[in-house]
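Engineer: Order-wise, the sequence lines are chains A and B.
Numbered per this note's numbering, the first sequence spans residues 1 to 203.
Numbered per this note's numbering, the second sequence spans residues 1 to 66.
Honestly, the hints are just simulated from the structure, not real lab data.
No residue lacks a Cβ here, since even glycine has one placed at the ideal position from N, Cα and C.
Treat the hints loosely; a few may be bogus.
Below, in silico cross-link-like pairs of lysine-lysine (DSS-like), each with a Cα-Cα straight-line distance of 25 Å or less [as the list claims (entries may be wrong)]:
(1) A:Lys-121 - B:Lys-31
(2) A:Lys-121 - B:Lys-23
(3) B:Lys-31 - A:Lys-158
Examples of chain A residues toward chain B, derived with CB under 8 Å [said to hold, decoys possible]:
(4) Gly-31
(5) Phe-119
(6) Asp-120
(7) Lys-125
(8) Ala-129
(9) Glu-130
(10) Ile-133
(11) Ala-142
(12) Leu-165
(13) Val-170
(14) Ser-171
(15) Glu-172
Chain by chain, the residues run as shown.
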Amino acid sequence: MNSFTKEVVGYFGNENYRRLIKFKVGIAGAGGLGSNCAALLVRSGFQKFRICDFDQVSYANLNRQFFFYDQVGMYKVEALEANLLRINPELELEISREKITGENAVGIFDDCDIVIEAFDKAEDKKMLAEAYIGSPKLYISASGLAGWGKSDRLQTRKIHPKFFLVGDMVSEVSQAQPPFAPMVNVAAAKEADIALSWAIDGK
Amino acid sequence: MKVNINGSLHELETELPISEFIKSNGFDPRKIVIEHNGRIIGKSNWKTVILRNSDHLVVLSFVGGG
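Could you put together the complete structure from these sequences and hints?
Structural biologist: Take a look at the structure:
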């Protein structure tokens with residue numbers, strides 16, 4: 001147990017820590033939602049991850065994603081791996097550049113207990129929701145987080161006992177309503193908090 | 001007839017296929033997930049599955065951004 005983990009245990013006790021580290025978290029996408037959500041989960045003490053994204057970091061990502069100027073051009077999963085290990089060097093972190101499709105959506109997170117949808121496109125959100133809506137895994141998705149202001153519009157809806165949906169459901173990213181760090185982080189933080197409370201309290 | 005849609009009761013005039021319900025409510029078929037009485041209904045079955053009195057329907061309509 002490294003010094004960071006000792007401090008996390010200090011915050012919420014050994015029992016909660018032991019509960020938490022059993023969970024492996026799958027994250028579908030390492031953009032605005034996925035990169036920030038992953039950082040929050042690492043800071044919360046989660047240690048086992050599988051993170052999938054095929055894309056590379058661009059300057060346009062830096063307004064909201066957990067990457068840095070000198071990481072532009074790197075694969076997102078590789079840049080994110082480096083950043084997460086700077087928070088906790090002892091993570092069990094698997095990264096994949098395989099594109100998630102309707103065919104591999106279930107298999108790719110086979111050994112994960114929690115799956116977090118962190119895609120950009122509505123069609124991909126739909127695809128993953130269809131794959132996981134009846135799953136025994138905890139599934140957390142997000143929809144509607146564009147623009148700025150009135151951040152309380154982002155709600156958490158419990159669609160099923162193990163299927164949560166975060167967002168305002170209507171604010172689509174567009175030229176008039178771009179994605180910005182504060183709202184994207186609110187959504188990512190809500191996704192992370194659902195996972196944390198599930199792991200500790202079982203609800 | 002009454003149908004539970006996303007947790008609240010809605011009055012519908014007649015029984016209708018899910019495809020008609022989607023069309024009349026203006027949903028984008030590429031971006032929605034339909035669950036009917038606890039089962040996911042894929043697009044290929046939207047025409048054959050009929051909404052009836054007391055049914056439970058979950059419609060998840062996704063928008064882009066992340």
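Engineer: If a hint holds in the structure, say so; if it does not, say that too.
Structural biologist: Status of each hint after checking the structure:
1. A:Lys-121 - B:Lys-31: Since the Cα atoms of Lys-121 of chain A and Lys-31 of chain B sit roughly 9 Å apart, the hinted pair holds (cutoff 25 Å).
2. A:Lys-121 - B:Lys-23: holds, 22 Å
3. B:Lys-31 - A:Lys-158: It holds: about 19 Å lies between the C-alpha atoms, which stays within 25 Å.
4. Gly-31: At about 6 Å, which falls below the 8 Å cut-off, the nearest Cβ of chain B leaves the hint on Gly-31 of chain A intact, so it holds.
5. Phe-119: For Phe-119 of chain A, the interface hint holds, since the closest Cβ of chain B sits about 6 Å away, which is under 8 Å.
6. Asp-120: Since the shortest Cβ distance to chain B is 5 Å, the answer is holds.
7. Lys-125: Where the cut-off is 8 Å and the nearest Cβ of chain B is about 4 Å from Lys-125 of chain A, the hint holds.
8. Ala-129: Holds, because the Cβ-Cβ distance from Ala-129 of chain A to chain B comes to roughly 5 Å (cut-off 8 Å).
9. Glu-130: holds, 5 Å
10. Ile-133: holds, 6 Å
11. Ala-142: With a minimum Cβ separation of about 6 Å from chain B (threshold 8 Å), the hint on Ala-142 of chain A holds.
12. Leu-165: Check passed: Cβ of Leu-165 of chain A comes within 7 Å of chain B, closer than 8 Å.
13. Val-170: holds, 6 Å
14. Ser-171: OK, holds: Ser-171 of chain A within 8 Å of chain B, min 7 Å.
15. Glu-172: Constraint on Glu-172 of chain A satisfied, holds at 4 Å.
In summary, this structure violates none of the numbered hints.
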